[in-house]
Structures are given as C-alpha cells and as structure tokens.
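Student: Protein chains in written order, with our numbering: chain A, 1 to 84; chain B, 1 to 415.
One or more hints might be untrue.
To be verified - Chain A regions said to be covered by chain B (calculated; three or more residues, Cβ under 8 angstroms):
1. 27–41
2. 44–58
Unchecked claim - Derived EDC-like pairs: lysine to aspartate or glutamate, alpha-carbon spacing no greater than 20 angstroms straight-line:
3. Lys317/B to Asp386/B
4. Lys200/B to Glu170/B
5. Lys312/B to Asp194/B
6. Lys6/A to Glu28/A
7. Lys197/B to Glu61/A
8. Lys406/B to Asp21/A
9. Lys15/A to Glu170/B
10. Lys406/B to Asp60/A
11. Lys6/A to Glu16/A
12. Lys14/A to Glu169/B
13. Lys326/B to Glu316/B
14. Lys57/A to Glu174/B
15. Lys292/B to Asp94/B
16. Lys53/A to Glu232/B
17. Lys14/A to Glu174/B
18. Lys53/A to Glu174/B
19. Lys47/A to Asp131/B
20. Lys31/A to Glu66/A
21. Lys394/B to Asp349/B
22. Lys47/A to Glu174/B
23. Lys15/A to Asp386/B
24. Lys398/B to Glu408/B
25. Lys132/B to Asp60/A
26. Lys15/A to Glu174/B
27. Lys15/A to Asp164/B
28. Lys47/A to Asp148/B
29. Lys14/A to Asp164/B
30. Lys47/A to Asp134/B
31. Lys154/B to Glu61/A
32. Lys406/B to Glu19/A
33. Lys25/B to Glu14/B
34. Lys200/B to Glu232/B
35. Lys326/B to Asp21/A
36. Lys207/B to Asp164/B
37. Lys326/B to Glu19/A
38. Lys31/A to Glu16/A
39. Lys14/A to Glu25/A
Keep in mind the hints are simulated off the structure, nothing from the lab.
Ideal placement from N, C-alpha and C gives every residue a C-beta, glycine not left out.
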Amino acid sequence: MADDVKKLIIDYVKKEYLEEDSTQEVNENTKLISSGIVDSFSMVSLKMFLERKFNVKIPDEKATPEAFDSVNNIIKILKEYVTI
Amino acid sequence: MAYSGKAREFYNIELDGIRQGGLFKEERYIKSPQAATIRVEYPPGAPTKEVLNFCANNYLGLSSHPEVVAAARKGLEERGYGMSSVRFICGTQDIHRILENKLSEFLGMEDTLLFPSCMEANAGLFEVMLDKNDAMIADRLVHASIVDGMRLSKAQLYNFKHSDMAHLEEKLQETQNCRFRLIITDGVFSMDGDIVKLDKICELAEKYDAMVMVDDSHATGFIGKHGKGTHEYCGVMGKVDVITTTLGKALGGAAGGCVSGRKEIVELCRQRARPYLFSNTVPPVVIAATIKVVDLISQSTARRDKLEANTKYFREKMIQAGLDIKKGDSPIVPVMLYNAKLAQDVARDLYAEGIYVVGFFFPVVPQGQARIRTQISADHERGHLDKAIAAFTKIGEKYKILGKKKDEVVAMYGI
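The task is simple: from the sequences and hints, build the whole structure.
Tutor: The structure is reproduced here in structure tokens:
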C-alpha cells in the first residue's frame, strides 16, 4: 500500500513540477524543496493535492519545507493522519 | 534591556547563514539622479565611478525627466510634502482622484485605486475579491508580492506550469465546482522577460467562466503599440478584469501602485483592502509628477518606440556576439550563464568595464538558471548600447562562453 502511495506522489510531482522533456530522476529520497524541484509556493498545491486525495487536513504548522522535502518525508506526515 | 545575548547570537547566525549561502545583498551608493549614466560608490569608500546603468526599471527614462521633475516641484509647492493621513480620513486630495481617472483612461479600465506600492496592491486584492468558496489559479512564476497576497486570501490556491495553457486548462477543469475562479499572472515575467499569453488565457477564461488578473508592473507604459500593457499587446483590451501595476518603474519610478479594473472590484478594494486602508496616502509630490508622466505617454509614443528600437538592437547585437539571450520582445534581456559564481564574476568584471548589472541565481531564479538580467531604457543612446555590447563581448571572451550552448557552459563551470 505504501508503495502505491509513493508511486502516486512521485507521478504527481513529475507531472506537476517537471517539464515534459526533463531528465530529472525522482525517487522517494529525492530532495524536492531544497533542490528547487518544488518551490515553497508550489508546495501549497502539493499539500492540497494530498489533502484531496487522502481526505485529510494537514495543519499548516506541520506542512514545513523540511516535512515536504522528499516523498519519504511526506509519507511520514501522511501516516500521522491516515492509514497507508 | 530585553535584547538578550541569545537574541543577538540567533540573528548573527541567521546572517552568517545568508552570507555562507552567497545570498547576502549589498547596497551600492548612487550619487546622482537615476539615469542611463550614474555615479556609483562601490564598494563603500571606493572612489566614485561613472557607469552605464543596465539594471534599472527606468524603462521610459522618465525617472529624472526635466518635465517630470518640474511637475513634482510644482506639486510640492502647491500641495505640500505630506498628508499625514490615510486616504479615507483626510489623505485624499483632488489630484489623487485626477490621477486615478487618468490611469483608468490610459489603461482602458473602468476604475482605479492607488496604493502605496504595487506590492501592497497585490497584498490587498485577493483577500477582497475571493473567499474560501473560490479558487486562485496562478502561473508558477508570478511575482513574490502576488504569492504573499494569495497567502493572505482564504481562497483555494492552484498553480500552473509557467505559461503552460494545457496545464492551466486542467486546473480550470479541476475547479469547476468553485464559485469564482481567478486566473492570476504577471504581464511580463520579471526574471525571464517573456510576455504572458494573455489572448490564450482570456479565451480559456471565457470558456470556463473565470476572471483574469494581470500584474503589469513590467509592462505599463511601454508594452503594446500605445504602451498600455500586455492586454494591448495581446489584443484583449476589455477582457482583463483586474490589472495591478506600479508607478515605481516606467511611470516615473518614485513610488506607488494601483488596482485598475471592474468598478465593483475597485470600489470593494477602496472599502476593504487592508494595505490601502491602513497605509499613508501616496505623497502629493508623487501624484503631481505621475499625472505629468501619464500626460506625456498619452500624448506621444516616442519614448516607448525608442525603447522598442533599443531593445531590438540590443537583443540582435548580443545574439550576434554569441551571448546566450532568453528570447522575447520585452526590454528585460536575461543573459544566461547558468552557474551562480560565473554570473557574479561576469557582473563584477562588467562593473570594472563601466557597466552596472547584477547577477541573479537560486533561489531568485531556479537552480542552474543563473543569469545577468539586463534592462533596456529609452534613456539609453546607441553609444550606450554599443558600449555594453562591447563589454559583454570582452568579458564573454575572457570566460570563453561566446557561442557556447548551455551544456558547454555547464561543462566548463558546473551548474
């Protein structure tokens, strides 16, 4: 199940934030925010996507750039609110 | 004293972090009026040096124009220095309303409200226009002040890949259940100098029943045949619902900004926009000078025509010289260097050659997209442009980057 979620988020990040011709590799450990793939502004749309997809509300104070800096970190946050 | 050693230590660590990240911003002291040629003391204590300015937003060269300065002086004498009030208590002179009406007419919008800056116009607008039932759909490269303004609004935030109309359409489809949707974009993007596809955006807005907002700060006064902005350039006058723009760039460059658009939205800003309500009025001297600016650019397109010709010449010659220029029509001409240190080194060497430009790098621009952003002005004469092109060519040769593509520059200097 967690692997499905990982794939879902990785696919979303690739589709939403990378250009079609991008050769950038994204896996569960890839730095998303600190590498500049997802800027802090776009992070808001990523958070909204997760909230819609998993029907949860992630508090703003939990949604820090560090907490969203990799797919693995995002999964950790999600696990606090939903069983995956 | 409550400023403890602990607090001092904390702030010093923060500042050290900024320095170590190569992000520490230094000011350079200019000892002359803003113009194509300026006298600069840099670094502090160094002898004053005369340089050509290629990094000002002085697109029309009106910042120190004699007629504008004379109008400011007259305004100062006739209407005083300050108003010591917000607009709605006792801070509105007749000239404030005259300028608002002139801006509405120039921009082709229903009504206009002045703000202390465009930053504050953007900070106030979205909270007034939208609530949690609505969606803001913004281009991912919009200006920081728009990002801050959207954060202050309770509306749902969506963004689309830069100028990617298919992605925007997806977002419009996703948000069909919202009460109002507002598409939010810059007119000219400040770091890349590219112009918004406003005709396509307005088509999508019509198809999906969305409103359109444009920040035309880097366009008002010179983009479009009469300089009205990107809505004129893209042939969609009357189809844009709200424009925010600044008086602090082409329109004299002193201070102030505005929201211009559908009259109900503008009136609601007058009633509710917090940066408008709780900031001091724009000083009379700025208002008087900006009225002169709007008169000048309404009467003649000579300055924007010269800017257009200068931009075309500069872009062509820089490309011929082998520099890697981002394509476009605007007077923002980014010279791509990709590597942050290279951008800083080239800017420093250009300064030694008498050309004042600044290197930009992550996080101001995306990682690996470091550049020098040059900005052309109607104040530049052909000789100024030739001197800058010669200096870029000389420094480009020094670093062996002329005629080189991105991959080759990255191979030499890293990303």
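Student: Decide, hint by hint, whether the structure agrees.
Tutor: Results of checking the hints against the structure:
Coverage of the region 27–41 of chain A by chain B holds in this model, with 4 residues showing a Cβ closer than 8 angstroms to a Cβ of that chain against a need of three. Given a C-beta distance limit of less than 8 angstroms, the hint that chain B covers the region 44–58 of chain A holds, as 3 residues qualify and 3 suffice. Proximity of Lys317/B to Asp386/B is assessed by CA-CA distance (about 9 angstroms); at most 20 angstroms being required, the pair is judged to hold. Restraint check for Lys200/B and Glu170/B: the C-alpha separation of about 14 angstroms stays at or below 20 angstroms, so the hint holds.
Under the criterion of a C-alpha separation no larger than 20 angstroms, the hint pairing Lys312/B with Asp194/B is consistent with the structure, at around 14 angstroms. Restraint check: the Cα-Cα separation between Lys6/A and Glu28/A comes to about 7 angstroms, which is no more than 20 angstroms; the hinted pair holds. A distance of roughly 36 angstroms separates the Cα atoms of Lys197/B and Glu61/A; the hinted pair therefore is violated under the 20 angstroms criterion. In summary, the hint linking Lys406/B to Asp21/A is supported, as the alpha carbons are separated by about 15 angstroms, within the 20 angstroms threshold.
Restraint check: the Cα-Cα separation between Lys15/A and Glu170/B comes to about 12 angstroms, which is no more than 20 angstroms; the hinted pair holds. Between Lys406/B and Asp60/A the CA atoms are separated by roughly 39 angstroms; this puts the pair beyond 20 angstroms, and the hint is violated. For a cut-off of 20 angstroms, the pair hint linking Lys6/A to Glu16/A stands: about 15 angstroms separates their Cα positions. This hinted pair checks out: Lys14/A and Glu169/B have alpha carbons roughly 18 angstroms apart, not beyond 20 angstroms.
Annotation: proposed proximity of Lys326/B to Glu316/B holds, straight-line Cα distance about 12 angstroms (limit 20 angstroms). Between Lys57/A and Glu174/B the CA atoms are separated by roughly 19 angstroms; this keeps the pair inside 20 angstroms, and the hint holds. Distance restraint check for Lys292/B and Asp94/B: the Cα-Cα separation of roughly 15 angstroms lies within the 20 angstroms cut-off, and the hinted pair is therefore satisfied. Among the hinted pairs, Lys53/A with Glu232/B is inconsistent with the structure: their alpha-carbon atoms are about 41 angstroms apart, more than 20 angstroms.
At most 20 angstroms may separate the alpha-carbon atoms for a hinted pair to count; Lys14/A and Glu174/B meet this at roughly 18 angstroms. Proximity of Lys53/A to Glu174/B is assessed by CA-CA distance (about 13 angstroms); at most 20 angstroms being required, the pair is judged to hold. Among the hinted pairs, Lys47/A with Asp131/B is consistent with the structure: their alpha-carbon atoms are about 19 angstroms apart, no more than 20 angstroms. The straight-line distance between the Cα atoms of Lys31/A and Glu66/A is roughly 10 angstroms, inside the 20 angstroms bound, and the hint therefore holds.
For the hint linking Lys394/B to Asp349/B, the alpha-carbon distance of about 10 angstroms falls within 20 angstroms, and the restraint holds. At roughly 16 angstroms between alpha-carbon atoms, Lys47/A and Glu174/B fall within 20 angstroms of each other, so this suggested pair holds. As the CA atoms of Lys15/A and Asp386/B are separated by approximately 44 angstroms, the hinted pair breaks the 20 angstroms bound. Between the alpha carbons of Lys398/B and Glu408/B the distance comes to roughly 15 angstroms, so the proposed pair stays at or under 20 angstroms and holds.
About 16 angstroms separates the Cα atoms of Lys132/B and Asp60/A, which keeps this hinted pair within 20 angstroms; it holds. Restraint check for Lys15/A and Glu174/B: satisfied, since their Cα atoms lie roughly 15 angstroms apart, inside the 20 angstroms limit. Between Lys15/A and Asp164/B the alpha-carbon distance is near 12 angstroms, which keeps this suggested pair within the 20 angstroms criterion. This hinted pair checks out: Lys47/A and Asp148/B have alpha carbons roughly 17 angstroms apart, not beyond 20 angstroms.
At most 20 angstroms may separate the alpha-carbon atoms for a hinted pair to count; Lys14/A and Asp164/B meet this at roughly 15 angstroms. Annotation: proposed proximity of Lys47/A to Asp134/B holds, straight-line Cα distance about 17 angstroms (limit 20 angstroms). About 16 angstroms separates the Cα atoms of Lys154/B and Glu61/A, which keeps this hinted pair within 20 angstroms; it holds. Restraint check for Lys406/B and Glu19/A: satisfied, since their Cα atoms lie roughly 17 angstroms apart, inside the 20 angstroms limit.
Our distance criterion of 20 angstroms between C-alpha atoms is met by Lys25/B and Glu14/B, whose separation comes to about 14 angstroms. Proximity of Lys200/B to Glu232/B is assessed by CA-CA distance (about 14 angstroms); at most 20 angstroms being required, the pair is judged to hold. At roughly 18 angstroms between alpha-carbon atoms, Lys326/B and Asp21/A fall within 20 angstroms of each other, so this suggested pair holds. Straight-line distance between C-alpha atoms of Lys207/B and Asp164/B comes to about 17 angstroms, which keeps the hinted pair within the 20 angstroms bound.
This hinted pair checks out: Lys326/B and Glu19/A have alpha carbons roughly 17 angstroms apart, not beyond 20 angstroms. As the CA atoms of Lys31/A and Glu16/A are separated by approximately 16 angstroms, the hinted pair is consistent with the 20 angstroms bound. In summary, the hint linking Lys14/A to Glu25/A is supported, as the alpha carbons are separated by about 9 angstroms, within the 20 angstroms threshold.
The structure does not agree with the numbered hints 7, 10, 16, 23 stated previously, though it agrees with the rest.
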